[in-house]
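First to last, the sequence lines map onto chains A and B.
In terms of the working numbering, the first sequence opens at residue 1 and continues consecutively.
In terms of the working numbering, the second sequence opens at residue 1 and continues consecutively.
Beta-carbon label-pair distances, calculated as ranges:
id, chain 1, residue 1, chain 2, residue 2, range
1, A, Arg244, B, Glu39, 25 to 35 Å
2, A, Asp47, B, Ile33, 47 to 57 Å
3, B, Ser88, A, Asn234, 23 to 33 Å
4, A, Ala304, B, Ile33, 44 to 54 Å
5, A, Ser90, B, Met1, 53 to 63 Å
6, B, Ser88, A, Pro32, 33 to 43 Å
7, A, Ala388, B, Lys70, 57 to 67 Å
8, B, Lys70, A, Thr37, 57 to 67 Å
9, A, Glu295, B, Ile33, 47 to 57 Å
Honestly, the hints are just simulated from the structure, not real lab data.
Beta carbons: idealized from backbone N, C-alpha and C, even for Gly.
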Amino acid sequence: MFNTGEVLETINMIEREHLDIRTVTMGISLLPCMSGTAEKTAKAVYDTVCKKAENIVKVTSELSREYGIPIVNKRVSVTPAAVICAPFASKAHIIGKALDDAAKNLGIDFLGGYSALVHKGMADYEKEFIMTIPQVLAETDRLCSSVNVGSSKSGINMDAVSLMGEIIKQTAQKTADRDGFGCAKLVVFCNAVEDNPFMAGAFHGIGESGTVINVGVSGPGVVQHALESVPDANLTDLAETIKRTAFKITRAGQLIAREAAKRLNAEFGIVDLSLAPTPARGDSVAQILEEMGLESVGTHGTTACLAMLNDAVKKGGVMASSRVGGLSGAFIPVSEDIGMIEAAERGGLCIDKLEAMTAVCSVGLDMIAVPGDTPASTISAIIADEAAIGMINNKTTAVRIIPAPNKKVGDSVNFGGLLGRAPIMPVHKESAAKFISRGGLIPAPIHSNKN
Amino acid sequence: MRAVVTVAGKDKTGIIAKISSFLAERNVNIVDISQTIMEEYFAMIMLVDISKSTKPLSVLSEEFSGLGEKIGMSVHLQHEEIFNAMHSV
Chain A
1 MFNTGEVLET
11 INMIEREHLD
21 IRTVTMGISL
31 LPCMSGTAEK
41 TAKAVYDTVC
51 KKAENIVKVT
61 SELSREYGIP
71 IVNKRVSVTP
81 AAVICAPFAS
91 KAHIIGKALD
101 DAAKNLGIDF
111 LGGYSALVHK
121 GMADYEKEFI
131 MTIPQVLAET
141 DRLCSSVNVG
151 SSKSGINMDA
161 VSLMGEIIKQ
171 TAQKTADRDG
181 FGCAKLVVFC
191 NAVEDNPFMA
201 GAFHGIGESG
211 TVINVGVSGP
221 GVVQHALESV
231 PDANLTDLAE
241 TIKRTAFKIT
251 RAGQLIAREA
261 AKRLNAEFGI
271 VDLSLAPTPA
281 RGDSVAQILE
291 EMGLESVGTH
301 GTTACLAMLN
311 DAVKKGGVMA
321 SSRVGGLSGA
331 FIPVSEDIGM
341 IEAAERGGLC
351 IDKLEAMTAV
361 CSVGLDMIAV
371 PGDTPASTIS
381 AIIADEAAIG
391 MINNKTTAVR
401 IIPAPNKKVG
411 DSVNFGGLLG
421 RAPIMPVHKE
431 SAAKFISRGG
441 LIPAPIHSNK
451 N
Chain B
1 MRAVVTVAGK
11 DKTGIIAKIS
21 SFLAERNVNI
31 VDISQTIMEE
41 YFAMIMLVDI
51 SKSTKPLSVL
61 SEEFSGLGEK
71 IGMSVHLQHE
81 EIFNAMHSV
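Can you make the complete structure from the sequences, with help from the hints?
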């Protein structure tokens with residue numbers, strides 16, 4: 001028989017502390033869909049995605065009822081579209097439309113993989129593909145896009161960084177009627193991972209198998225609650241508490257992932273044990289950091305608290321599952337975390353501090369709204385800074401930034417739902433245009449030379 | 001296949017009767033019960049065998065939630081594996 005305390009603990013985590021499976025994401029290879037024309041490829045893409053994932057919504061809702069744990073999002077990630085669009089890159093938008101239609105047909109909220117990997121160099125057809133991103137994000141609803149511009153092994157492709165500043169600005173302009181919403185579906189990576197289940201940066205890497213189930217678990221509220229139960233513990237004990245909690249959360253994720261893979265006729269890929277906040281109170285990474293003893297996230301000490309949190313989450317998760325992957329750590333998306341939103345509104349959290357935080361946590365500058373008149377070169381420079389942190393520290397970093405058209409510091413944008421609302425944060429006024437216009441490659445760091 | 005039933009809420013007459021007749025009607029066998037009253041708060045955990053159940057687990061758990069609403073208690077019926085996974089190494 002079960003230990004009563006343990007059973008009630010699980011029920012409490014689900015009912016009161018927002019424990020959930022944040023996403024069940026099916027990765028689908030589109031390589032077999034490749035053909036010479038956009039139209040033929042688009043049909044094959046649509047059919048493949050609809051066929052492979054046809055039961056994803058049904059199976060996940062069954063699992064959710066059987067195990068009594070909410071599964072919030074069902075999603076699909078696909079082979080980076082730039083690869084399959086190479087023969088007809090200027091018509092890539094046709095593939096984008098087919099993917100968006102497939103997502104709608106399946107009843108899933110996002111499909112990721114309108115992506116290009118250009119970390120070492122950018123071929124003409126890749127550049128052409130990237131140029132279609134603003135229009136495609138404006139004309140589709142559920143399609144997410146990402147571009148990898150750097151890696152620890154290859155350095156940072158500054159031509160791509162420069163281009164992405166422009167692309168982000170154009171995407172914001174083309175979705176100006178929705179405060180630049182298109183940018184919320186566009187991520188610029190350094191060291192992108194091939195098995196990330198979380199949007200908007202999910203894609204199904206070339207090195208992956210045909211059809212794979214990756215699961216993202218969450219639970220900032222559970223961790224926060226666990227820390228509340230040890231209010232006077234020292235930091236060693238706090239780390240231990242986080243580790244134990246992460247273990248339990250990850251085990252729930254692994255169970256669902258295995259079962260979902262079996263029922264969906266796919267391979268079990270990885271469990272991503274990221275602490276992913278939502279705008280709901282009590283589901284916040286910022287509040288965990290504040291529970292550790294900070295008056296407000298963003299103040300001195302924030303980076304240290306986050307470093308400990310991120311590491312303890314990973315340790316607990318790795319113990320719980322042999323297939324840990326994705327981004328795995330703590331997410332700090334400003335608009336999606338009530339504690340971050342409030343700190344930014346108070347002026348207690350600035351982009352510079354967020355950048356420092358990204359050096360020790362799992363992603364990067366995420367869901368940050370900046371003034372609409374921010375120059376493209378400044379956005380490129382922000383991307384370059386993030387990519388440098390990722391490249392030197394052998395970690396994934398990302399930038400998802402929204403230069404909200406016609407908005408200035410003091411305003412805010414509201415995307416609703418899981419994407420939340422973001423106060424416009426100030427950026428430095430001094431220009432980096434000359435630096436960005438130089439182009440070329442920032443060479444890979446010396447420690448990449450391990451062979 | 002086994003599942004764990006949890007029932008919690010303000011104590012009143014007939015809770016166990018309603019729960020156990022719900023299970024019996026669907027041919028679900030009770031393997032073990034643990035029940036306590038803390039102040040006026042009723043908490044019960046049951047281990048049940050659903051291998052001969054007339055309904056699949058996903059339907060059982062949905063119907064069980066309906067019963068919970070009817071009797072005004074917080075109830076769950078979940079696959080036992082979720083607890084094994086989370087609490088054993």
